[in-house]
Amino acid sequence: MIAIIDYKAGNLTSVQRALQSLGWESVITRDVSEVIEAERIIFPGVGAAGQAMADLKKLGLDQALIKSYHEGKPILGICLGTQIIMKWSEENDTQCLGLIQGEVRRFQDGLSDERDRKLKVPHMGWNGVTLKTQHPLFEGVGPESEFYFVHAYYPVSESPDTVLGETDYGIRFASVLNSKNLVAVQFHLEKSGRPGLKILSNFCQWSGTDHA
Amino acid sequence: MLSKRIIPCLDVRDGKLTKGIKFKGNVDIGDPVDMAAFYYEEGADELVFYDITASSDRRDIMIETVRKVAEKIFIPFSVGGGIRNVEDMRRVLLAGAEKISVNSAAIREPDIISKGAEAFGSQCVVLGMDVKKVSPSEKIPSGYEMVIDGGRTFVGVDALAWAKRGESLGAGEICLNSIDADGTKEGYELALNKLIASSVNIPVIASGGAGTIEHLFEVLTEGYADAALIASMTHYGTYTIQQIKSYLHDKGIKVRSTW
Chain A
161 MIAIIDYKAG NLTSVQRALQ SLGWESVITR DVSEVIEAER IIFPGVGAAG QAMADLKKLG
221 LDQALIKSYH EGKPILGICL GTQIIMKWSE ENDTQCLGLI QGEVRRFQDG LSDERDRKLK
281 VPHMGWNGVT LKTQHPLFEG VGPESEFYFV HAYYPVSESP DTVLGETDYG IRFASVLNSK
341 NLVAVQFHLE KSGRPGLKIL SNFCQWSGTD HA
Chain B
2 MLSKRIIPCL DVRDGKLTKG IKFKGNVDIG DPVDMAAFYY EEGADELVFY DITASSDRRD
62 IMIETVRKVA EKIFIPFSVG GGIRNVEDMR RVLLAGAEKI SVNSAAIREP DIISKGAEAF
122 GSQCVVLGMD VKKVSPSEKI PSGYEMVIDG GRTFVGVDAL AWAKRGESLG AGEICLNSID
182 ADGTKEGYEL ALNKLIASSV NIPVIASGGA GTIEHLFEVL TEGYADAALI ASMTHYGTYT
242 IQQIKSYLHD KGIKVRSTW
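From first to last, the protein sequence lines are chains A and B. Position one of the first sequence corresponds to residue 161 (our numbering), numbered consecutively onward. Position one of the second sequence corresponds to residue 2 (our numbering), numbered consecutively onward.
Possibly wrong hints are sitting among the right ones.
Here are a few chain A residues that sit away from chain B, every Cβ distance over 12 Å (derived from the structure) [as the list claims (entries may be wrong)]:
#1 180
#2 186
#3 214
#4 219
#5 248
#6 250
#7 275
#8 287
#9 293
#10 321
#11 354
Below 20 Å or equal to it, Euclidean Cα-Cα: the simulated SDA-like pairs (lysine to any residue) are [stated by the list, open to error]:
#12 B:255 / A:279
#13 B:69 / A:184
#14 A:292 / B:2
#15 B:195 / A:275
#16 B:73 / A:354
#17 B:195 / A:274
#18 A:340 / A:258
#19 A:358 / B:42
#20 B:134 / B:155
#21 B:69 / A:354
#22 B:195 / A:279
#23 B:69 / B:59
#24 B:165 / A:270
#25 B:116 / A:210
#26 B:195 / A:281
#27 A:227 / A:214
#28 A:278 / B:218
#29 B:186 / B:152
#30 B:73 / A:181
#31 B:252 / A:210
#32 A:292 / A:339
Don't read these hints as lab results, they were simulated from the structure. Quick reminder that beta carbons are idealized off the backbone N, C-alpha and C, glycines included.
Let the hints inform the model, and build the full structure from the sequences given.
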């Protein structure tokens, strides 16, 4: 069973609907034992880091996630979920899970585009991802594919090895992170049309090892 | 780099599309769910549903429509019309919409913006603005005034001031509709779009006046818009989304070109 972690951070039903359309059953849960027993875990989220971490801790889900990661269970982080796996977030000065070493920073004001126009924060809309290496989750996803982003904060990894994909928005930031059995995407793959569904579908069949 | 978004807008009344939409192929022209699926396949970047159902006791029909749309399309879509409070927002979002748009309700009670942003996040809250050009005055210094009831009622609020207030209250995006340009097919109101889009730090969707693909190019460049709302130009098959995007791409605008 695929467990979608429920920590009041929203957007859970759209992930479940996307899985359903692909023929995968899932359960939205905040129950620690259900998360521990799940075959794979999706860790979504919309909202603020501070509240999200507080809710995860209160429910004991922070430890469940850390344990599952070390056991080698496939885990997929989405949007805020991707920021929570880092060590620390500038948003609400939050200590996070630390599954990947690094920080989460806010887009600075004053970034501009190629027409020299001010870039807006949040980064909202469709943007591309440049993969640094191929990965089973991106199998069958064309290099021109774009994904739907909505975020004001972005992860900064301390280790370049963990950066699987990058996106340009005034600066180049890590939009896909990968460490062993964990892949985390900053965009909403459940709202990214066919390429997003393809990644989701690949995740549902992924063993959790780097290479297929 | 971020793509400019092309967003078809569908008007829905009692669960049916209001305008008779003539489409080639097997599309039920009256059914918003079929139309949504069609636009999803066509490469629309997002969809907007505007519920113009008159009686509030028929609103459940719209929730059912949203639920069915959410099962079929996997791009963001927003729902506006008849949203009066946080509970209305919650129902629409839980049914599967990505965003809700507030317009008249926000003018009457601006707190709905901050309450919505606190409950669901700013990214869910779109401030819909219907605007008419007026002579600049002390009360309306920008020369653009907010209107409600489809443009019939002036509310004495300056559009530029309202956009900034909406942003500070927590709106995540603005959908800016020029009542003067709406339905003319003579082009977006560029000066209005530029004024608002360059004065706020949230994305602005331009609405009202699109008739040709050149109009889209204009508003996405001179008009500073982040996205463009379209209706009749694709609803009646004059253009396809693909044609629009190819044209914009050739003119140097970044658009999502594979899906």
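Verification of the supplied hints:
| no. | hint | in the structure |
| --- | --- | --- |
| 1 | 180 | 8 Å, violated |
| 2 | 186 | 15 Å, holds |
| 3 | 214 | 16 Å, holds |
| 4 | 219 | 20 Å, holds |
| 5 | 248 | 21 Å, holds |
| 6 | 250 | 17 Å, holds |
| 7 | 275 | 8 Å, violated |
| 8 | 287 | 5 Å, violated |
| 9 | 293 | 21 Å, holds |
| 10 | 321 | 26 Å, holds |
| 11 | 354 | 6 Å, violated |
| 12 | B:255 / A:279 | 14 Å, holds |
| 13 | B:69 / A:184 | 18 Å, holds |
| 14 | A:292 / B:2 | 17 Å, holds |
| 15 | B:195 / A:275 | 15 Å, holds |
| 16 | B:73 / A:354 | 12 Å, holds |
| 17 | B:195 / A:274 | 18 Å, holds |
| 18 | A:340 / A:258 | 14 Å, holds |
| 19 | A:358 / B:42 | 15 Å, holds |
| 20 | B:134 / B:155 | 11 Å, holds |
| 21 | B:69 / A:354 | 18 Å, holds |
| 22 | B:195 / A:279 | 14 Å, holds |
| 23 | B:69 / B:59 | 17 Å, holds |
| 24 | B:165 / A:270 | 18 Å, holds |
| 25 | B:116 / A:210 | 19 Å, holds |
| 26 | B:195 / A:281 | 18 Å, holds |
| 27 | A:227 / A:214 | 18 Å, holds |
| 28 | A:278 / B:218 | 19 Å, holds |
| 29 | B:186 / B:152 | 17 Å, holds |
| 30 | B:73 / A:181 | 8 Å, holds |
| 31 | B:252 / A:210 | 43 Å, violated |
| 32 | A:292 / A:339 | 14 Å, holds |
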